[in-house]
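Take these sequences, add in the hints, and give me the full structure.
Protein chains in written order, with our numbering: chain U, 611 to 999; chain D, 54 to 490.
Calculated from the structure, these hints are not laboratory results. Glycine included, each C-beta is placed from N, C-alpha and C at the ideal position.
Restraint ranges, calculated between C-beta atoms of paired labels, are given here:
1) U/R643 / D/A175: 54 to 64 Å
2) D/N165 / U/D681: 36 to 46 Å
3) D/R482 / U/D681: 21 to 31 Å
4) U/E796 / D/N165: 42 to 52 Å
5) U/E796 / D/D231: 38 to 48 Å
To give an idea of the interface, some chain D residues facing chain U are shown, with a C-beta separation under 8 Å as derived from the structure:
6) F187
7) M206
8) Y224
9) K227
10) D231
11) S400
12) P402
13) K426
14) N429
15) A433
16) L436
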Amino acid sequence: MPSTAEIISRATQLFEDLQFGAAREWKAAQPGRKVIGYMPIYVPREIIHAAGMLPLGIVGGGDQLEVIHGDAYYQSYICRIPRSTVELGVSGRLDFVDGMLFPSICDVIRNLSGMWKLMFPHVYSRYFDVPQNYNDEIGGNYYVNELAELRHALGELRGRPISDDELRHSIAVYNENRRLVRELYEFRAQQPWQAPAAEVYLLMRAGLILTVDQHSEMLRDYLIAARAVERPRRDNCRVVLSGVFCEQPPLNLIKSLELAGCYVVDDDLLLVTRWLTADVPTDGDPLRNLALAFLHHSESTAARFEPNQLEKGQHLVRAVKRTGAEGVIFACPSFCDPALLDRPILQHVLAAAGISYIAFKYAENSGQMQPIREQAGTFADSIKLWSGQ
Amino acid sequence: MTTPVSTAKTSGKEVEKDASMQKQKAMMAAHYDRLTAVPETGAKVCNTFVPGNLNELIKCFDLLNNLPEINAIQNGLRRLSGNFVLEAEKIGHSEDVCTYVKSDIGMMAKGNIAPNGKKFPAPDVLLLSYTGCFTFMKWFELLREQYKCETIMLHTPYMGDGKFTPNMIEYMVKQIRDEVIPKLERISGVKFDIDRLREYLKKSAVAEDDLVYVLETAKSRPSPIDAYFGGIYYIGPIFGAFRGTDDAIEYYRFLRAEIDERRAAGKGPVTPDGDMGTEKYRLVVEGPPNYTHFRQFWKMFYDEGAVVVASSYTKVGGVYDLGFRHNPDKPLETLAEYCLGVYTNRSLPMRIDMLTQYLTDYDADGLLINSIKSCNSFSAGQLLMMREIEKRSGKPAAFIESDLVDPRYFSAANIKNRLESYFQMIEQRRAANRAAA
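Okay, structure coming up:
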């Protein structure tokens, strides 16, 4: 049984590999295999998996990628993730990717879908729209048809239609993976010193590149290993990290928060790994099941319209209560419309609920962590010293 | 009828305006008066957005349409938006996000005063026509928090693959039929009458014909209109509260006659300083203008003899010149098709095709992109658009940057410098072409 250190070492290798070696190896292992890239925030990976393809999460280039070409495509006032993604593309790092999906998250990623069509005309690329209407007969039917289009397109790409049974099997496999992700999140919320935020993050990142089976195995191993060894417990406060759902914070930023005295007990990093909050039924019409799960059992986030004003932001209040958190840290990427436009509303909701928060911005290549560490440290101190407990 | 008139003095100099501009101004003023008279009249108000503005439907419920982008523009033109933006930032809105939103939020914080000096009414409903801009969703979530009124989402799928599908139309029609209409009936207390909608749609199509006629007069040499700076006046009624009305039909008929007269006389556009001099450069412009320095910005063009013959911005509230007209024979489908087709709901390749075609159709010298700092819907991808259009058309393109209503991002010297360089580039290109001929 591998130790946590060994598992995290493997996850770190995957994280640092900007050539996506594991996905390349997977593809090369068998003729005809295909890889479909996808960007934040959510795509139904089950359909890609059912086509026998590897879903590959692309979340920018991080702080280790030197962006040479990508900056020529974007003005200075546009966030960093599209430019580093373009860099990955034009530098050939994604030359093995057969298709790209650009989910409905913001106008920048939306427009990138059109850029991709122009820049890589031989790659299947699709803007993946999801309904903002949650009525089964309206948004539900629309989404079922959109899923059917994706299913058809991927079937064409592999040369054979995707069957219902293939879809049902993939749904079951991803249900299991999401159960493990939820278990890990719950474990961390209970004992954050046993599952540091940076480790949980690396495990989630591994889920973007490994096959779902490999990832589930990694999660199982980690849960066993993490429970087996007692780690030192610090006198940290507990926080929920919010706003980090698209452009990724540098790994050092996540580490810095814990070093500054904040255990991260919940976050909205890499939501695709747990977007659907309940198991998707494995019997009946698989596309309808995926659609209804999306409508009624999805994570709340800025890219989704909340029809009920009273419900707006309550997911954050519930996360705080569920995890025993003492505050919320809003970390938003610079120029990120969804995160930054949503933030004032969420802050008002937290204020009304008597929950403390702080906010700062970052970019995926932010290098200076000292100001963030100081801010988070002050926040932790204020919670510890003056929270009235 | 068409004699330019001098209007209120600004900076000691009288502003020349066409009679149509005066008429348009009076229409807009009357609409603001209707809005601010709500406490007396008891009319109900529906806030919604310009792209995907369903004015014909809104009118079926006797609701008054209030468009927050138009209010932000008015505040930009009147140099009020800068303080509103700062006010919004002071209360926690990021410096990175849309300045229309911040101008609106700041205006609310400062009393919510309309251009006529009276208070805007609180909306009875926010019709969130989610078309071509992600920010719209957050904007109305922010307003809902303030006004605590009902918000109706109408989701327009994006034309990512360069077309709309039957699934998209069906989705939108169902939203309109099963959710938007019943909710508007309940809020307004007015029963929906589809024949009333048909009548409005019929009127819309008449005005749309005349608008397209006017925009296409820019194919003449010299162009009798400026299809960007002047075009903003022309689109006001149809993109705003007047589509589907007799007022709009009358305005566009009037405008058409006025422009015909200018064209027949061989005149160029009317600018704030009077008739434009000799037309030297014909440009296609992509992106919205800056509103805080609108006249100064425009002057940089007409002083150099540059006229904009086609622009994408005048298509944000509907792309009529590519053939779309509101169709009373399929009233709900036509509303869906309208929303789907607005400029910012079109994929980047569609936008490139359109602008490249404009360069040919309007015999333009080149493309100018005014990239807006706080508008990702327009701005993300524009550098690639520029290169692609240059490659396809063989015509030079240039890139300038400003913002919609945040005066901090208007650098006159930078923009002027770039424009002058661009005009020199066009001259050089012409000289090279002459030498090669």
